[in-house]
Amino acid sequence: MGGIGSIEPGVWDDLARRCANDNVPGTVRPGPARSLAWRLMLALENALERIRQRRALAGLSALDLKDLGWTRCDTLAELSKPFWR
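The sequence shown begins at 132 in our numbering and counts up one residue at a time.
Honestly, the hints are just simulated from the structure, not real lab data. Treat each hint with caution, since some may be false.
Unchecked claim - The calculated label-pair distances, taken between Cβ atoms and stated as ranges, are:
{"#": "1", "residue 1": "A178", "residue 2": "G200", "range": "36 to 46 Å"}
{"#": "2", "residue 1": "L188", "residue 2": "S166", "range": "31 to 41 Å"}
{"#": "3", "residue 1": "A178", "residue 2": "A208", "range": "14 to 24 Å"}
{"#": "4", "residue 1": "S166", "residue 2": "A208", "range": "28 to 38 Å"}
{"#": "5", "residue 1": "F214", "residue 2": "S166", "range": "34 to 44 Å"}
{"#": "6", "residue 1": "M172", "residue 2": "K197", "range": "18 to 28 Å"}
{"#": "7", "residue 1": "K212", "residue 2": "L173", "range": "30 to 40 Å"}
Stated by the list, open to error - Restricting the straight-line Cα-Cα distance to at most 20 Å, the calculated cross-link-like pairs of lysine to aspartate or glutamate (EDC-like) are:
{"#": "8", "residue 1": "K197", "residue 2": "E209"}
{"#": "9", "residue 1": "K212", "residue 2": "E180"}
{"#": "10", "residue 1": "K212", "residue 2": "E176"}
From the three backbone atoms N, C-alpha and C, an ideal C-beta is built for every residue, glycine too.
Starting from the given sequences, assemble the full structure and let the hints guide the process.
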C-alpha cells in the first residue's frame, strides 16, 4: 500500500475550497479553474483512480462479477478502454 496510486478521491478538491486564511493579505491560492497545473493534477488523480479500479475489476472472479451484474465480456470491454476514458 501507499504510493501515488493510493491517493483518496477528492483529496485535491478539499484543498481547492476556501479556508480560514484566504482573506489574509498576500496569500493567493490559485483555484482549480485558474491554474493549468491544478487541472492537470486533478486529471492525473482521476486517471490513477480509473487504473486502480480497473485493476481491481480484473482481479474479480466470475462469481463476483455475477454478483455485480457484469459478464466477462463487460469486464473485457471496460479493461480495453484507455486510462483517460
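Hint-by-hint comparison with the structure:
no.: 1; hint: A178 - G200: 36 to 46 Å; in the structure: 26 Å, violated
no.: 2; hint: L188 - S166: 31 to 41 Å; in the structure: 32 Å, holds
no.: 3; hint: A178 - A208: 14 to 24 Å; in the structure: 19 Å, holds
no.: 4; hint: S166 - A208: 28 to 38 Å; in the structure: 35 Å, holds
no.: 5; hint: F214 - S166: 34 to 44 Å; in the structure: 23 Å, violated
no.: 6; hint: M172 - K197: 18 to 28 Å; in the structure: 37 Å, violated
no.: 7; hint: K212 - L173: 30 to 40 Å; in the structure: 19 Å, violated
no.: 8; hint: K197 - E209; in the structure: 15 Å, holds
no.: 9; hint: K212 - E180; in the structure: 14 Å, holds
no.: 10; hint: K212 - E176; in the structure: 17 Å, holds
The structure is inconsistent with the numbered hints 1, 5, 6, 7, although it conforms to all the rest.
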